[in-house]
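Enquirer: The primary structure of each chain is shown beneath.
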Amino acid sequence: MRQRPTTMLIIVLILLAFSAWINFSESITIINPFNSTTLFQRDVATKLGLDLRGGLQALLEVPEGVTVTSEDLNTTKTILESRVNALGVSEVTMQIAPPRRIVAEFPGIDNPEEVVASVKQTGLLEFVDFGSTPLPDGTVIKTDQGSEGSATPADDTTTPAEERIYHTVMTGTLLQTVNVQPSASGGYEIAFSLKNEGATIFSDYTGANVGKFLAIVLDKKVISAPQIQTQISEGSGVITGSYTAESANAFAVQLRYGSLPVPVEVTESRTVGPTLGAESIRKSVLAGIIGLSVVILFMLFYYRLPGLIADLALLSYALFSMALFKLIPVVLTLPGIAGFILSIGMAVDANILIFERMKEELRSGKPLRQAIDLGWQRAWPSIRDSNLSTLITCLILYIFGSTFGASMVKGFAVTLAIGVLVSLFTAITVTRTYLHTVMDNIKSADHPRWFGL
Amino acid sequence: MNIIKNRYYYFLISFLVIIPGIIYMGIHWAQNPAEGPLPLGIDFTGGSLLEVQFENGVQPAAKDVTAIYNSFASDVNKIKDPIVQSLGTDSISVKSKAMDDATKGLIVAEMEKQFGTKAIVLNFTSVNPAVGQEVARAAAGAVGMAAIAILFYIWFAFRSIQHAFRYGTAAIIAMLHDVLVVLGIEAILGVTLGWEADSLFLTALLTVIGFSVHDTIVVFDRIRENLTIYRKVDFETVVNHSVVQTLDRSINTQLTVMFTLFAMVLFGGDTIKHFVIILLIGVFSGTFSSIFNASPILVVWENKEWRTWFKRTPITETNA
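Taken in sequence, the protein lines are chains A and B. For the first sequence, my numbering assigns the number 8 to the initial residue and increments by one for each residue that follows. For the second sequence, my numbering assigns the number 396 to the initial residue and increments by one for each residue that follows.
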């Protein structure tokens, strides 16, 4: 690394200008000067986490005992997204946390109860074997779909109805099309057709059970329990009932988009009110400014001229990091801000290591330029090894945070890791460049006090 | 300055800090066998925490809040007899067994009705017990994984010098020292002030692990370098020289990190105060252990001093 200091200084200054531009803009656009086309455009508004802006985070889980594939989770996620979008909630993010969880975040909502209720609705449509005894519409029953119990035989009359576990013949995932059509009686009915697989199951079952009852059950609630008149082999059928045009339509929409391949439960829910969030931002910004100021003063008093350079490097570090947070973008959470403020301390550490080494070289009588290079070279293995160990911890924290939707832990790991990487970068380039630029113009022997010697 | 010479006094200081913490952990474990050594928050035990602020300076009595919870309690949600605490002059925090958002909505509505003012939900968290236990297990796993990863990393980074494995082990012992200090102080604060370990505490603990090793590596790195320069000098002197050489750096880095953390304790708000105080203790312990534990352990190991520990003869000093 023997670049000319002037070249490096220019590169650093360009990076600084670019970072400042990002830090003070909401969105950036780079235009090709030759043909005026847009080369690069990005929204760089600061993204705030739920703990800072308020909102709801819910951890959704497929209950134990239900087999679930990654495809099931993907479908569930898509359906839930369209459901909450229909409620008018914007900026919803849903992330799959394998093997059986989805982390859902709803920023800035004021009706968490309603949102959770809509998410919890499974929209699970089942065709259930009732044997020869139908139950009235609206009865809540247990089925062997999504539970560990085994089905009670259909014609077991000794077990009371509310304790019986009914057998599910098939679920709504095998539906191909769902349509609303006027019925013969002047109302409306819902016609459905089945996928090939469903048609086979349906045909076999109805053929073997003519005269028995096959209930249509939504979210474990009986919608209707018609008697099987004949074998239905063409893979389509009709759900009849006292539907108006609206209720038939709503039901059809639910069947079409609403049916989740697996049931989900809300196992964790966190709501942060907007007032608490706003206060947290105000306080952590204040803490950050005060902490940074004290560090800057300390460095200046203890290390004098190099301290001033370290302070400039530190401010550059802060500008770079914040620009990266906005550019990537990193969602800032309260622990994330704490991680950033903490990494200020680590960024200073790299400078302190270099300066202590530099002072040793100066004391042993080396000329200034050589002392800078030697100090930097000797300090580098410490800086590298110690920061790598912090990065290893960050990685483990990040994996832990992602698995459990602990976005606070994840946010902390991300900002700390970025902080460590940027501080490595500033230690290598910025501090060194500034040092050379300043030192080229003075002689240390004339001013030993400038170096705290 | 001879730091290594007094190594057994520093080990004693460490024990004097760690032992009360271990006693408190034992006391808590004996009293709460299900929870383990630390008072755990709902992140790990499951349950719900509701923080509500009331307008017009209304501060309801704890028994009225309990009555509302009990009226909504059932065999399913088991939210009977919650723990109600006052926060400031117009807010309360209520801890109970896990409940869903719908129940929370009903309870808040009932509070508004009974206390005759608007209730603002500051914070509501509900964690299913099964998830909490799984998180607690994974947390222990994360700490273990971090320790093993770092052991191997140091072993690798110091592979070129003799007894590289010792450096990794000494760093891990220093790290365990810091973990024990943090756990112990958390247990003491938990039993005396009612602090509970939550996922932020875990984050703090993992950060302390990272920092502890960070500091230790800086000192070890200097030993690594000096061993190649002073080939004729005995090991103990080289280690002491390295510790003294890095002392300025250790103290100054410690100070800058302390400045930022103190700023967060004083001005950063209540949400992260617990988190930052634990970090502060852990970072301090990390610097202490890297100077006064990790490097002396290398010397103890080099001299195989454990052979003299249980003899009546005093330890012979070999310092130059």
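Just so you know, these hints were derived from the structure itself, not from any lab. Be careful, since some hints might not be right.
[Said to hold, decoys possible] In silico PhoX-like pairs for lysine-lysine, Cα to Cα no more than 25 Å straight-line:
| # | chain 1 | residue 1 | chain 2 | residue 2 |
| --- | --- | --- | --- | --- |
| 1 | B | 490 | B | 475 |
| 2 | A | 84 | A | 228 |
| 3 | B | 458 | B | 475 |
| 4 | B | 458 | A | 290 |
| 5 | A | 149 | B | 473 |
| 6 | B | 475 | A | 227 |
| 7 | A | 54 | B | 490 |
| 8 | B | 668 | B | 706 |
[Claimed, not checked] Label-pair distances were calculated between CB atoms; the ranges are:
| # | chain 1 | residue 1 | chain 2 | residue 2 | range |
| --- | --- | --- | --- | --- | --- |
| 9 | A | 53 | B | 627 | 54 to 60 Å |
| 10 | B | 431 | A | 367 | 29 to 35 Å |
| 11 | B | 668 | A | 334 | 42 to 48 Å |
| 12 | A | 81 | B | 431 | 45 to 51 Å |
[To be verified] Stretch-level coverage of chain A by chain B, calculated; a stretch enters the list once three of its residues show a Cβ under 8 Å from a Cβ in chain B:
| # | stretch |
| --- | --- |
| 13 | 34 to 48 |
| 14 | 192 to 203 |
| 15 | 273 to 285 |
| 16 | 351 to 361 |
| 17 | 383 to 394 |
We treat Cβ as the ideally placed atom computed from N, Cα and C, and that holds for glycine.
Enquirer: A separate judgement is required for each hint: does it hold in the structure or not?
Expert: The hints, checked one at a time:
no. : hint                      : result
1   : B:490 - B:475             : holds, 11 Å
2   : A:84 - A:228              : holds, 23 Å
3   : B:458 - B:475             : holds, 12 Å
4   : B:458 - A:290             : violated, 33 Å
5   : A:149 - B:473             : holds, 23 Å
6   : B:475 - A:227             : violated, 29 Å
7   : A:54 - B:490              : violated, 31 Å
8   : B:668 - B:706             : violated, 48 Å
9   : A:53 - B:627: 54 to 60 Å  : holds, 58 Å
10  : B:431 - A:367: 29 to 35 Å : violated, 48 Å
11  : B:668 - A:334: 42 to 48 Å : violated, 31 Å
12  : A:81 - B:431: 45 to 51 Å  : violated, 37 Å
13  : 34 to 48                  : violated (count 0)
14  : 192 to 203                : violated (count 0)
15  : 273 to 285                : holds (count 10)
16  : 351 to 361                : holds (count 7)
17  : 383 to 394                : holds (count 6)
In this structure, the earlier hints numbered 4, 6, 7, 8, 10, 11, 12, 13, 14 are contradicted, and the remaining ones agree with it.
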